[in-house]
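K.L.:
Now for the letters of each chain:
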Amino acid sequence: MRRNLLVYAGAIIFTLYFLVPLYILILIAFSPAKFTLESLYPPLYFKGFTLNNLVYAFTQYDFVHPFLKSFFVASLVGVIAILLGIPAGYGLSKLPGKIAYAFIVVLLITNMVPGLVVAIPISVEFIKLHLFDSIPGLALVQELVTLPLAVFILQGTFSAVPKEVEYQAKIDGASTLSYLTNVLIPIALPGIVAAFLISWMFSWDEFTYAVLLSPIHPTLPVEIYFNIQRGNELAAVAFSLVFTIPVIVLTVILQKYLKGEYLAGGVKY
Amino acid sequence: MKLRYIFFVLPSLVYVLAFAFYPSARAVYLSFFTSQGKFTLDNYKELFYFNLYGTIENTVILTVGALMIQLLLALGISSILVREFKGKRLVSTISIIPMGVATVVAAITFAFIFQTSGGYANTFLHYLGLSGINWYFNSYISLFIVMIADSWKNTPIMTLIILAGMYSIPRDLYYAAALDGAGPLRRFVHITLPNLKKFIAIALIIRGVSEFNIFALPLILIGYSPSILTTLAYSLYSTTTENLASAAAVIILIFVSVLIALNIKLGGKR
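Top to bottom, those sequences are chains A and B. Counting from 1, one number per residue, gives the positions in the first sequence under this note's numbering. Counting from 1001, one number per residue, gives the positions in the second sequence under this note's numbering.
What the hints contain is simulated information worked out from the structure, not anything from laboratory work. Treat the hints with care, since some could be wrong.
Said to hold, decoys possible - Partner residues are not named here, just some residues of chain B that face chain A (Cβ under 8 Å, in silico):
#, residue
1, Lys1002
2, Ile1006
3, Val1009
4, Leu1013
5, Phe1085
6, Ile1094
7, Ile1097
8, Val1101
9, Thr1103
10, Ile1108
11, Ser1117
12, Phe1124
13, Tyr1234
14, Ala1245
15, Val1256
Note that CB positions come from ideal geometry on N, CA and C, so glycine has one too.
I would like the entire structure built from these sequences, with the hints used as guidance.
P.N.:
This is the structure we're talking about:
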């Protein structure tokens, strides 16, 4: 009994730790500024409630363009992750362990290459190629963050499909391509959707590449940062709130795909 | 025969090589030239005018501090989540939420919490009858703020890795130890920690690389003072030449390469 009490006490403390910052964000977004930004000791509870902050932010500042840019970049990142990730995940699930491991190491390394190291020379190249500040340009670079993750997820999903399914399809005369499109992809659809959405999510949130490679028509995170720099704090808070809600929903839905193994880059190998 | 499956992997491989290795090589190349294209070591010399040593020191302090905080939190949360109790699903869902909150948003929220005047942390201290703290009084406190904000955002990743490790420990070990009269603390020290060693090492290296690359949080929370390697590289990029910024980027690359090499070495042993 005493043990359980300890577990609950711990659970409550950690829950508070994770929720308080979000509560503060909501508090600032929906309270009149005199109780938040303009007060020396802002109260920790709602003293007043207003929607004016949000209305003001969305009517006075450009939200639509950064939002659309983020949306299109993230969607393109998700599509590329699937297009490259499905064959890679399939190949890795079929290759002998040692060779697959070598590929995984390369993917892992690229996942660790510092964003700034990549972005500075690429920005020079992109200006020449007219990809600077463009949607495809940014998506191509952000893919670097998400592709390894997508490949790990897809490889895990494909490995879970029983070998017999593929043998059966081959016996029935299916080519590798038709096995992939008619059998494997439909079976593995939940994993594929998860890989798409996780790629989407990571791109939606990406900042380093976005601020270096797309500063003129910024994505939403960069726009929020610029608003903070210009002192438009309430706009930054309002945008942050709208920006965060879909991603939190996605995180919760995709929880079972956000496994330690993938994030650790295949600890299981 | 099985090797033909390499062709399925090639597109991804070519892609990441083109977008990771080529720019990295290019950054090294750029760092040795002036913007007129003449070979020089001046870019590196010039970095020392920008307090390179201090910047490296700040980056290391930040990385080590953030890792320690995250590891402690992750061990605590995992120890709770590995048990069965009412409301476990809810707690585990909540504990993953910060992962979905964008870094920029986390940074802004913590900036509001740790404002020196009008900050929520100081309100809290005020309620307790204490006086407020100037959270930007010196570089150590500033770095500590970044560590806290970063730990909030990134502890979930660490937790997922540690929790995967905890689930891999057979429960029988704990029952046996409990029968032998080992208390919770002794069980943690003698069973949990030794069995988690590999997972902790991997989590620390993977998170360590990300901590070394940490950028948006310090940029928004503390700006360029104290500067760390990434904010230094960014400020050089936006105010001087690509070549000088590349030199700073190469310094980051050197540190991260060492961490990556460590990771591969450890990975080979798993």
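K.L.:
Confirm or reject each hint.
P.N.:
Outcome of the hint check:
A cut of 8 Å between beta carbons decides the hint on Lys1002 of chain B: the least distance to chain A is about 6 Å, and the hint holds. The interface hint given for Ile1006 of chain B is met, as the beta carbon of that residue sits about 7 Å from the closest beta carbon of chain A, less than 8 Å. Because the smallest distance between the Cβ of Val1009 of chain B and any Cβ of chain A comes to about 4 Å, under 8 Å, the interface hint for this residue holds. The interface hint given for Leu1013 of chain B holds, since its Cβ lies 6 Å from the closest Cβ of chain A, which is under the 8 Å cut-off.
This hint holds: Phe1085 of chain B has a C-beta 5 Å from the nearest C-beta of chain A, less than the 8 Å allowed. For Ile1094 of chain B, the interface hint holds, the least distance from its beta-carbon to any beta-carbon of chain A being 5 Å, beneath 8 Å. Checking Ile1097 of chain B against chain A: minimum C-beta separation of about 6 Å stays under 8 Å; hint holds. Because the beta carbon of Val1101 of chain B sits about 5 Å from the nearest beta carbon in chain A, less than 8 Å, this interface hint is met.
Taking 8 Å as the C-beta contact cut-off toward chain A, the hint placing Thr1103 of chain B at the interface holds, the least distance being around 6 Å. A distance limit of 8 Å between C-beta atoms decides the matter here; for Ile1108 of chain B the minimum to chain A is near 6 Å, and the interface restraint holds. Residue-level restraint check for Ser1117 of chain B holds (minimum Cβ-Cβ distance to chain A is 6 Å; threshold 8 Å). At its closest, the beta carbon of Phe1124 of chain B sits 7 Å from a beta carbon of chain A; the interface hint therefore holds under the 8 Å criterion.
Hint on Tyr1234 of chain B holds. Least Cβ distance to chain A is approximately 7 Å, under the 8 Å limit. A cut of 8 Å between beta carbons decides the hint on Ala1245 of chain B: the least distance to chain A is about 5 Å, and the hint holds. Taken as an interface hint, Val1256 of chain B checks out: its beta carbon lies about 6 Å from the nearest beta carbon of chain A, inside 8 Å.
This entry satisfies every hint, going by the numbered hints stated previously.
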